[in-house]
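Q: Chains B and C: place on chain A using the hints.
Residue numbers (my numbering), protein chains in the order written: chain A, 1340 to 1483; chain B, 1211 to 1628; chain C, 614 to 1118.
Do not rely on the hints blindly, as some may be mistaken.
With a Cα cut of at most 25 Å, we get these calculated DSS-like pairs of lysine-lysine [to be verified]:
| hint | chain 1 | residue 1 | chain 2 | residue 2 |
| --- | --- | --- | --- | --- |
| 1 | C | 821 | A | 1368 |
| 2 | C | 628 | A | 1375 |
| 3 | A | 1376 | A | 1366 |
Simulated from the structure, these hints should not be mistaken for lab results.
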Amino acid sequence: MKRVYAKEEVCIGCRLCEVYCRTEHSKSKNIIKAHKKEFPRPMARVLVEELRPVSFALQCRHCDEPACVEACITGALTKDESGRVVHDEAKCVGCWTCVLVCPHGAPQRDLERRKIAKCDLCPDRETPACVEMCPNEALVYEER
Amino acid sequence: MSYVIIGNSVAAVGAIEAIRKVDKEIRITVISDEPYSVYSRPLISEYLAGQVKEDMMGYRDPSFYEKNGVTAMLGKRVTAIDPAKKSVKLDNGEEIAYAKLLIATGGTPFVPPMKGLELGRVMTFIKMDDAKHIEEMLPELKHVVVIGAGLIGLKAAESLHHRGVKVTVVELANRVMAAVLDTDAGAIVQGALEKAGVNIITEDTVEEILGDNMGLVNGVKLKSGEALDCDAVIVAIGVIPNAGFAKESGVEVNRGIIVDDHMRTNLPDIYAAGDVTEGPDYLNGGKRVMPIWPNAYIQGKIAGFNMAGVDREFEGGLAVNSIELFGVPVVTAGLSNTESDDLEVLSSVEGDTYRKIVLRGSMVVGAVMVGNIDRAGLITGLIRDRIDVSNMRDRLLANDFGYIDFPVELRKERLGVS
Amino acid sequence: MKTYQLPEVIIERDKDKCINCGVCVRQCAFEAHKFDEEGEVYSEDEKCVACQRCVSLCPTNALYIRDNKPFVKDNANWTAETQKYIWKQAETGGVLLTGMGNPKPYPIYWDHILLNASQVTNPSIDPLREPMELRTYLGSKPDNVQIKMVNGEPVIETKIAPNLVMKTPILFSAMSFGAISHNATVALAMASKELGTYWNTGEGGLSKSLYQYGPNTIVQVASGRFGVHSEYLDAAAAIEIKIGQGAKPGIGGHLPGEKVGRRVSETRMIPVGSDALSPAPHHDIYSIEDLSQLIYSLKEATEYTKPISVKISAVHNVAAIASGIARAGADIIAIDGFRGGTGAAPTMIRDNVGIPIELAIAAVDTRLREEGIRNKASVIAAGGFRNSADVIKAIALGADAVYIGTAALVAMGCHVCQKCYTGKCNWGIATQDPHLEKRLNPEIAAQRLYNLVRGWSHEVSEMLGGMGINAIESLRGNRLHLRGIALSKEEMDVLGIQVAGSPMA
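Pulled out of the complex, with its shape left as it was, chain A reads as follows (with noise of 0.2 Å):
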C-alpha cells in the first residue's frame, strides 16, 4: 500500500504540512475558517520535528503489525482492507494507550476533544494534503 515517506534532506522546517493537514481535517475545509473559527481547533495529524538543519514531517506509519492496534483498549483503532490504520473516532475515550505504545510516537493527544488525532492517508483526497501542498516535494506518496 501506498505510505507518505520523509525525505528529509529536502525539509525546509515550513510547517505547511501542519498547516494543510489541519486545514482538510476541518469542517469548513477552509484554511483561514479552519485556524480562526473552529473550536475546539482541528488537530494536524501530521508533527514537524525541528534541530535546525534538520528537520522531517512525521505520521502514522499505518505498520503492517501496529502496535495501537493491538493495545487499543476500545478497539477504536482498527487495520482496513486497504492496510491503513483507521481511527473510529465515536469509539475513542481518551485513554492515551496507543500513544503509550507507538514506537513513532505518531497519535497525538488531543486535550480539547479529549480524543487521539492520526494520519488517514486523506481519504479523501487522491493525493494526501501534505504531500500535495508541500513546496519543496519532500513528501513523497508511494508504495515501497
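A: Just chains B and C now, with coordinates in the frame of chain A:
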C-alpha cells in the same frame, strides 16, 4: 472439528482474528460466563462515571461473531476440562468437544479473608455486571471506601466521584499505584486526587467491614484503629488468574497457567492466553503473570496463529499502563518501579510533571511519565526494540525527545526511508 | 549613530487572512517576522529585503511587500536613492556593496533591435514540421578543411581542434560554489546534462560529487586559482581562464570568510573561515604573451583534448583585447557585458564600469572578421540576457553562444533582492547555511532550469523558422536580419545594423 475458546474478552478476539487470517473454514466456538458480546473491560469505569453508554462498550461490533464464523455460547460457564476426551464440560451438563482449546478466562479479583465480606454492598470491580450493580446502588451511596489504590481502585474512585459520591481510598503501601510508581510520581497523582476531593489513606488497610442490622455495610475498621462510616466497600486489591477450574485437568498452574513462547500449556492442543497466563517476560526472562490489555491481545494472536498451524513466537510480555485521573495522565512501561544495582535511574520533576527513565547498561528498560505523556511510545519503542541509547542519553528526559535525537541511519530505518 | 535610512519596503499583513501559522517567521533569514507573546505574528519593515520568500509561501496570501519610497522633494539630481547611499556611507564609512547585475536605466540595446521575418519571396519554415538545427560548436575552427575520399566516403584530413558540442546555443554562466550553494551547482550540472549543454563552475572549484557531470562542465581558472588541481582540469570538458567579469571589470572577487565553511574550504582549497580574495590581475599574466603561455600550459596539461576559453569583461577596447586573445591561442572568448551579475561587488563599480554586451559583441565580431581570424575562436556573449529574443539577437550580432547567469538564478527562484553578499538567501541559492540551502531542492531546480532553456530553445527555433532559416549557423553574425530603432547613427554603426525601414542590402 472445532477450536474452542474459553473466555470472551481481548485474548479471545486476538486469537479469532489471527486464526481467521489463516483459516477461514475451521469452526470456532467461544464460551463465556458473561451474557455480553465482547466488550472493553477497562471501559467499565467510564460506564460507571456516566461517560460511555452501554451500546458503546463493545470492543468489536456485535456482528463480529457472525462475520468471523464464530459460535458464541454466552452465559455458560466451563466447569472442567477433559484432556483425554478432548472436551470441556459446562455448568449445565453439556459437553463441547475441541480439536484445539484456548483458555482465555482472564483474571478474577483477589479478595483476602476478612470479617464482613458477606455483607451486602461489598463489591469488586472488574466486569460489566459489577459496574451495573454499583450503578443501581448509586442513590443509596453517600460515602464509599475503596480498598487498594492500584489502577482499578483509583479508576473506581474517580468514577464514583464523578457521580457525586464521596470516596475514601485505603492503601497499604506508602503511595498510590505502588506497583508501578515511585514516591515522587505517586505524590503527584495523590495530589491530583486529593485536590479533586477524594480522600486517600496510605500505609493502612481495612481489617474489618462493619454492617448494620439489615446486613448492609455501614462502616469499616482500619488496622491503624481508625473507623470510617460508609455505605459500600469496593475491594480492589488486585486480580489473580482465573485458573482454578483448570487445575484438576492436569494443566500446569502456578500463579497462572504456565505457557511457553508459543502459548502452549503442558498439555497437547491446549493453549492459554491473556490475564490467566504466567508467560514469558520480555525484560527479565522467566515467566510472570502480566495482566495488561495489549499483552492479552498479542498473546491471543500468537495462540491463534499457532493453533492454526502457523509458527509464531511470543517475544515476551512488556508491562505498559496508561491511565488518566482527574486530568493527570500517567503512563508506565517496562520496569518502572524496580531498584537494583544493575539499573540506572534518570528522573526529573517539574511542578506537576514527572519523567523517569530506567536504564540497564545502554538500554532503556523502564519509563514513567506523569503530566506530559506526549509521544511516550518513542520510549516504549526503545525498550521493545532494545535500542542502544548511548548517543541519546542526555535527551531521554527531555519533553520534546523525538526521532530528531536518534542517529540518522537508525531514524531512517525505523521510518522506512533508508 | 542614529540612522537616517528609512525602511526600503513596508510589509503589509492582511490580519483577516493571516492565520498565524508562522511560515513567514520560519522562512525569513533576515528575521523580519516574529511571534509576539500571544502567538500572533508581527513584522519589522526595516529588516525586509523584499526577496518575496514569505509572500510566496504564505498559504493565505496575507502578505504584500510595498515599496516605501520616502518623500523627497522633486529632485532629478538628489533622488531618494542617492541620498540613501550618502547616509549609508556617512554612517559606516565603508564601500557600498551589492549583488546581482546593474539595475540602472542605461539603454537596453536589445529593446532597440528588431528581428526579421520571411514573407512571400522567402518562405518561413515551420519548426514543428522541419528539422531546426540549433546544434552549436564552440572552439577553434580551421582556416580550411582538406578532405580525401576513402572507399567512396569523404574523410576529413585536417586536424580539428577540440570543440564543445551543444544542442542549443545557451549555456549556464560562471557562478562559483561559495557565492551560490552546493545544491544550486548540482541543479546547474544536472540541467546541463539533460539539455546537452554546459555549466561553468566559476572560481569556486568543482565538488568531487559533481565530477560525474564533468562532460558538461566548464571549469574556471581565475586569478586566485581556487580549487585548481590536475583532477579538476581532467574532469572538465573545457577550461576557462577568467580575466574579468562584467559586473566588476578591473577588480577581483571577494567571498567573505563567513561563507567559507567546510565544503567551500575543501573545494576551493583554502582554510575554513578565511576570506577568499581573488586579485584583480592574475599575478602571472601581465601581457598577452603571459596569457598565451597560460593558455598553452593548460593545453599541454590536458594534452590538447579540451578547448581553452578566456573570459573578459566588456570594456572600451574589448575588440582589441579579443583579437589579442584569439591570436594568443584561445579556442573560446567569453565576453561579459556590464549587466552581468555577481554575488558581491562595490555598487559604484557595478553600476558605472564596463560597456553593454550588445555593442561589445558587435565590435568584437566585426574586428575579428576584419582581421580574418573570426574562425580562430568562438565568441560567447554574457551579461543580462533576459529571454530568447535577446539570445537570438546576440547570435545575429555575431556571438556563437550565450551564457545565462541571472536568468538561471531567477528560474530557480531568485527574486533579485540584491542581498547575495549577506549569505542569507531565503531561496537557498546564494547561501552556505545548510538550513537555507535545503530550500533549493536540486531536482526541482534542475527541472526549472531545463524547462527554461528548453522553452527558450523552442522560441529560438520559432524565430529562426520565421526568418526562413533552419540552422542557427546561418544566423551567426548575419546582421542583415537585424534593424535598429530609435538609435543614433553612431550606435548603429558600432552594431553594424541599419535603421528599421532600410532595405535588405
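Q: What are the numbers of the hints the structure violates, in ascending order?
A: Hint check: 1 fails alone, others pass.
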